[in-house]
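Chains F and S supply the protein sequences, listed in that same order.
When we follow this note's numbering, the leftmost residue of the first sequence carries the number 1249, and every step to the right adds one.
When we follow this note's numbering, the leftmost residue of the second sequence carries the number 1249, and every step to the right adds one.
Be careful, since some hints might not be right.
One-sided and incomplete, this derived list gives chain S residues near chain F with beta-carbon spacing under 10 Å [unchecked claim]:
id, residue
1, Gly1290
2, His1292
3, His1327
4, Leu1328
5, Leu1378
No lab work stands behind these hints: they were computed from the structure.
None of these values were measured; they are calculated from a predicted model.
Backbone N, C-alpha and C define an ideal beta-carbon position, used for all residues, glycine too.
Chain by chain, the residues:
2 protein chains.
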Amino acid sequence: MTAPFLSAFDLTKPRTQNAPAVILFSGGLDSTTILALAKHLGYHCYALSVHYGQKHSSELEAAKQIAHLLGVERHEIIHLDLPRFGGSALTDHSLHIPTSNDQANLNTNRPVIPITYVPARNTIMLSLALAWAESISSLDIFYGANAVDYSGYPDCRPEYVRSFEVMANLATKAGVESLHPENGFRIHAPIIQMSKAQIIRLGAEMGINYSQTVSCYQANTNGEACGICESCQLRKTGFSQAGVSDPTRYQINI
Amino acid sequence: MTAPFLSAFDLTKPRTQNAPAVILFSGGLDSTTILALAKHLGYHCYALSVHYGQKHSSELEAAKQIAHLLGVERHEIIHLDLPRFGGSALTDHSLHIPTSNDQANLNTNRPVIPITYVPARNTIMLSLALAWAESISSLDIFYGANAVDYSGYPDCRPEYVRSFEVMANLATKAGVESLHPENGFRIHAPIIQMSKAQIIRLGAEMGINYSQTVSCYQANTNGEACGICESCQLRKTGFSQAGVSDPTRYQINI
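Just need the whole structure built from these sequences, with the hints factored in.
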């Protein structure tokens, strides 16, 4: 069986056998794919989920189940009270989560920041991953950012990931004590340039069952998706374009 | 009255009148000085303290009092369970906090990371400050890092601060929507190149009463300092060299 997507990740392989890696893991489709990829490449996986006050906390329940199913070394959930800073539809209950019909930013040339952007959320989560990585002597962090479908998010761009990597190597013991830059931290963002359909086909090559993953911004407590938010629309289209049947569990009465 | 230290901060002045600034504020001597400085320069100050599981949580009580005394717009304390990652004497109760007698790294040429270093702590705290700053449309973050007395901490070096600033401007709305780099985030580290004595003299020029500030790694619940840890020794020497009488409240029976 050929695996064209999987075979493209040779450069992402561990520098040493069984090297530990920290994977930012929300329990959604993208981060489940990178967790499976890190494991497939031979890393010992430490999955980090962050409960930052998002409305869709059912994805964390999914994260627990999937981390167990994929056999990670450890799964940690860190709690952080981001809603007190305000400013995002994902954490502020007074703001409406947009559906794909009222988002005008998907096809413009100049990016507009979506209201679902949470200020500095990904930077905080990468910093927490960096803390854990340094504590367990890991130099590899996997980050499921995607610049294709979410082009409006500044912290999903490759240039952001590179700048975080530079900063991480100045912030830590690795930056002071390592004499060889190639021994420093690497922020792996393996799916950053892939379409949702390509990500799903990569997952299919690894045999991932996506039925447990939750991507919806407003899933119910059973982890069933709304089917209409921006995230659901992107996921639906992804399965369709990948030619893979969509196993997502949708709410019936919506 | 001349104020040679204070007059050196013209470049740190607000870009617009009453501009909001987020100040990383532990309640210690250094961060109290930068909070007073930001206020003196004309910023509307938002003080951010992080309770990251440090043993010396009495400094947070001091932080509340000082923030109130200095008249900040808002003071937030964010809780974060860093001890679960392990790896530092400041958060791990099984590790001994070194005194100045058993620290060998203060006078070496090649820096050695002290055991009191908390992996990625400052990066996490700056990321939280960035989240709050972006939420309140602030572009100014004040960070009390010091590269002179704590030369072993990688995240107290000027090159680290600059790399965080670059990353912050790629991570956020400011980085995507601003067409002028000078309109982006600035990470102010005004005391990074100053000795403890110089910091104390800057504070004296602003009339700061340091008796409420807590710098000790193992202060008791009344905020009284041990007098023997590395942080206490640096502070004592600082007051002595500044020619300012030391108002620190020390534990009597130590």
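Broken hints, by number
1 and 2
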